[in-house]
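Colleague: Sequence:
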Amino acid sequence: MPVSWVDIKVDGQTMEGYLTQPASSGRYPAVVVIQEIWGVNSHIQTVTDRLPSQGYVGLAPGLFHREGRMTLGLYEEMDTALARLGGCADAHIIADVTGGPAIGPKRRRMPGPRPLPGLTSI
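Using this note's numbering, you'd call the opening residue of the sequence shown number 1 and step up by one each time.
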């Protein structure tokens, strides 16, 4: 299963994303995995890692990119995590999720844990 960190140009910015793909080439449906308040941490990466074995491309975008480069594992940095969450305007997040590489709408799924549950309805 190929795994990589990718830079995605969106809304005039560069957003990091954790990308997983099935081993064989071809066209696959994609699942966008929405981060928790802690960012694209090891848990979100593990969820994304499971998708290729089910026949999906997985992408976990770093939605806090406007606040600076990604910091992994903010578990002990609650003030930093809350500040980054506060900087995520709904319009920016929607631009991030919809402005990247084209994903066909037929088989789109967006699991999103709290505190960003509204994103699952996009």
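Calculated from the structure, these hints are not laboratory results. Be careful, since some hints might not be right.
What the hints assert, rightly or not - Each pair of labels, with its calculated beta carbon distance range:
(1) Arg27 - Leu82: 36 to 42 Å
(2) Thr14 - Met78: 34 to 40 Å
(3) Leu82 - Ser4: 28 to 34 Å
Backbone N, C-alpha and C fix where the C-beta goes; we use that ideal spot for every residue, glycine too.
Colleague: Taking the hints in turn, state whether each one holds.
Modeller: Hint-by-hint comparison with the structure:
In this structure, Arg27 and Leu82 meet the distance hint of 36 to 42 Å, their C-beta atoms being roughly 40 Å apart. Thr14 and Met78 have their C-beta atoms about 26 Å apart, which leaves the hinted 34 to 40 Å range violated. Under the hint 28 to 34 Å, the C-beta atoms of Leu82 and Ser4, about 29 Å apart, fit the expected range.
In this structure, only the earlier hint numbered 2 is contradicted, and the remaining ones agree with it.
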